[in-house]
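**Q** Spelled out, the chains give:
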Amino acid sequence: MFGFTHTDYLAMLLSVRVAVVATLLSLPFGFAVAYLMTYRKFRGKVILDVIVNLPLTLPPVVIGYLLLLLLGQQGFIGKMVLQPLGIKLIFTWKAAVVATAVVGFPLMVRSIRTGMETIDVRLIQASRTLGAGWFDTIATVIAPLAMRGIIAGSVLMFARGLGEFGATIIVAGNIPGVTQTIPLAIYDYVNTPRGDAMALSLCVVSISISVAMLIFHEWLGRRMARSD
Amino acid sequence: MSGWAGAWQGATDMDLRVSVQKRFGTFTIDTNFNVEGERIGLFGPSGSGKSTLVGLIAGLYHPDSGAVFLDDAEIFNSEKRVNVPVEHRRIGMVFQRPHLFPHLSVRGNLLYGYRRCEHKDRKIKLDSLVEVLQIGHLLHRGVRNLSGGEKQRVAIGRAVLSNPRLLVMDEPLSALDDSLKFQIIPFLKGACETFNIPYLFISHSLTEMRIMTDKVLRVVEGRVASQMSLEQLARAYMGESKAGYINLLKLRSLDRLGNLYVYDWGGQRLFISGGSDLPEAFFELPSTDIILFKRHPEAISARNLLQCRVTDIFETGHRLGVELECSGQRLVAEVVRQAVEELGITKENEVYAAIKATAFRRLG
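Protein chains in written order, with the working numbering: chain A, 1 to 228; chain B, 1 to 364.
Because the hints were derived from the structure by calculation, they are not lab data.
Just so we're clear, the structure is a prediction, and the values are computed from it rather than from any experiment.
Cβ atoms here follow ideal geometry from the backbone N, Cα and C, with glycine treated the same way.
Be a bit skeptical, because a hint or two may be false.
[What the hints assert, rightly or not] Derived DEER-like restraints, expressed as beta-carbon distance ranges:
id, chain 1, residue 1, chain 2, residue 2, range
1, B, G136, A, I47, 52 to 58 Å
2, A, D136, B, V220, 36 to 42 Å
3, B, R107, A, K79, 53 to 59 Å
4, B, R107, A, Y39, 27 to 33 Å
5, B, S276, A, T38, 23 to 29 Å
6, B, S276, A, G221, 45 to 51 Å
7, A, T38, B, R81, 43 to 49 Å
8, A, K45, B, L180, 40 to 46 Å
9, B, G258, A, R122, 47 to 53 Å
10, A, A225, B, L257, 51 to 57 Å
11, A, R43, B, F314, 55 to 61 Å
12, B, N34, A, L220, 27 to 33 Å
13, A, W219, B, R81, 41 to 47 Å
[To be verified] Reference listing, derived: stretches of chain A covered by chain B, where coverage requires no fewer than 3 residues with Cβ under 8 Å from a Cβ of chain B:
id, segment
14, 23 to 31
15, 113 to 125
[Unchecked claim] Calculated from the model, a selection of chain B residues having no Cβ within reach of chain A, i.e. all distances over 10 Å:
id, residue
16, S65
17, F101
18, P102
19, H103
20, H137
21, L146
22, Q268
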């Protein structure tokens with residue numbers, strides 16, 4: 001059953017790489033947005049909330065297409081930012097990272113926000129009256145106490161990233177060995193005569209990674225609960 | 001001032017000048033007061049805005065307008081756009097609940113403020129504080145499985161160790177049950193007295209006020225309505241309370257006679273039925289439970305008969321209080337007007353006060 005080709009292995013590696021990089025890149029932004037949404041009052045908060053959560057409700061293909069319009073050679077960001085810097089994004093694995101990040105971002109923000117909302121505001125006030133400034137309080141009280149939410153958000157986003165298909169195929173294409181991730185490889189096999197066995201094998205790999213992630217998440221949660 | 005509270009010398013006075021306005025929906029804080037002292041109480045019913053008011057002073061909330069001065073420093077002034085951030089005001093806070101950082105050990109909690117305090121201001125050290133609060137054995141424990149009293153002691157220690165200029169205690173005892181409350185009070189007072197920290201003590205309990213403070217600001221509907229001494233406050237409440245004036249006595253345990261406890265009160269012996277074996281205890285004695293005699297009654301069932309001198313007779317809301325002096329101690333009894341006239345009680349008169357052994361209520 002597991003007669004994987006070289007490009008299949010590359011697809012597995014790339015899937016993990018894209019999901020990891022997208023998660024790590026999103027983490028600081030996700031934390032910052034969750035912080036703003038939880039603790040700050042500002043104009044346009046509702047708009048920010050809508051924008052952040054939009055990818056959750058939009059079809060990933062739509063997101064991919066919008067990203068293509070934005071980041072492509074004629075796109076606003078593509079033309080104004082990426083081209084002058086000599087960065088080519090579209091149809092590279094980096095585009096897959098961007099697509100994955102955008103799609104998974106709301107999941108991460110939601111989890112971190114939930115974590116932050118459970119923090120007693122008196123703890124934050126206590127830290128301030130004890131002489132800690134805002135950044136200090138964020139680093140020494142808010143972040144550690146929101147850790148469960150941060151981890152949950154990261155795991156969720158990573159898992160979502162592994163399965164990302166619609167947005168990725170549009171901005172990164174489906175180039176075997178270059179931008180092909182597990183879902184894209186499965187898609188290829190399904191469309192190939194007698195590719196069912198290989199598609200199924202890749203499904204098993206995909207399921208294994210997901211299960212491993214969920215077990216890891218559970219283990220981490222229990223460990224944190226014990227140290228409480 | 002009630003004699004037992006004890007004079008407290010050496011603490012630096014705080015000088016607090018506040019004039020602030022702040023709207024919270026339908027509730028408004030609009031107050032203007034100056035207060036000087038070392039142990040100031042903020043007294044008022046719940047919902048009167050005490051906590052919000054200290055939040056404005058500590059910098060947790062921003063006044064809409066006004067100014068706040070602490071000692072010589074202007075910490076807020078809306079006109080001059082002065083707004084010293086909370087973390088630089090050096091106003092420590094102890095809340096109703098301990099609110100310890102759950103991810104830090106007891107030691108980590110205690111040192112949180114200390115580490116953020118400038119070196120020149122680090123006058124109170126961990127070792128001496130740990131000794132005063134008797135929490136040495138807890139230092140390396142997590143905070144989640146401490147008892148309620150231990151948690152509150154750590155919370156007090158954490159605030160004190162941040163070496164604040166002023167300590168604000170927002171109902172620090174009201175979440176504790178009665179017996180725990182009176183176990184914590186000595187630590188609370190002890191820490192502030194040992195390290196000379198002036199404090200603002202918030203409570204809606206008259207008893208707590210009389211034990212913890214020596215001057216009281218009465219807060220009514222979002223403003224400081226008046227400043228009064230504890231004696232004025234106790235007399236004012238005498239008119240409203242069924243039990244009349246509550247005498248507070250701090251007594252030293254002497255002996256036990258059958259089911260009675262013998263306590264020392266300024267050289268006199270008091271027989272009390274609800275005592276305890278602790279060396280010292282607080283008791284409440286309602287003024288309505290004291291009976292006055294013009295002459296020594298030969299036979300009487302009450303266990304305590306004290307020879308006293310009348311030092312004052314005062315009226316508060318249809319009640320008549322008689323202030324007595326018994327070998328250096330103060331006591332307030334309550335009588336009706338006719339009794340005063342019949343007994344001919346006047347200032348400097350000698351009278352006998354009879355008190356049943358069951359009239360004393362032990363606090364804690």
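**Q** Of all the hints numbered above, which does this structure not satisfy? Sort the numbers upward.
**A** 5, 7, 12, 13, 14, 17, 18, 19
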